[in-house]
Amino acid sequence: MSLLLCCIVMALHLATGLDAAPGVANTTEEEVEGVDSQSPCPAGWHQNEHRCFSFYPVWATWATAELYCSQHRGNLVSVHSPGQQVFVQDLVRRHTDQPVWMGGYDAAQVHWVNN
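Numbering (the numbering used here), first residue to last: 213 to 327.
FYI, nobody ran anything at the bench for these hints, they're computed from the structure. The C-beta atom is built at its ideal place from N, Cα and C for all residues, glycine as well. Check the hints yourself; a few may be wrong.
Using C-beta positions, here's what the derived DEER-type ranges look like [unchecked claim]:
no., residue 1, residue 2, range
1, Gly295, Thr273, 27 to 35 angstroms
2, Pro311, Leu279, 12 to 20 angstroms
3, Glu261, Arg306, 16 to 24 angstroms
Using the sequences plus the hints, can you model the full thing?
Okay, structure coming up:
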């Protein structure tokens, strides 16, 4: 069992007028509800690049953690750039020193759940 860190890709073009990065699926307008005018992320979430992250102090198995994130319109966190890796590491360190689930699976070759 580990804690979990969820991530959602927001429709930044709907919330801020920016276009989403190439290859990034846009989310529905429903997912932009709860967005304030200063951030495209829901309250309590943290923005990095075109993605929003939230730490949940919930002990769970990997499958339960992924289900929990999907119920919050996201997935377990995946890392897509060196800057994002630093951001995720810092976010985790600010919240816990315990293990945290990420969205990678398959021990032989990492596959991300949101790809």
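Against the structure, the hints:
no.: 1; hint: Gly295 x Thr273: 27 to 35 angstroms; result: holds, 30 angstroms
no.: 2; hint: Pro311 x Leu279: 12 to 20 angstroms; result: holds, 18 angstroms
no.: 3; hint: Glu261 x Arg306: 16 to 24 angstroms; result: holds, 18 angstroms
When each numbered hint is compared with the structure, no violation occurs for any of them.
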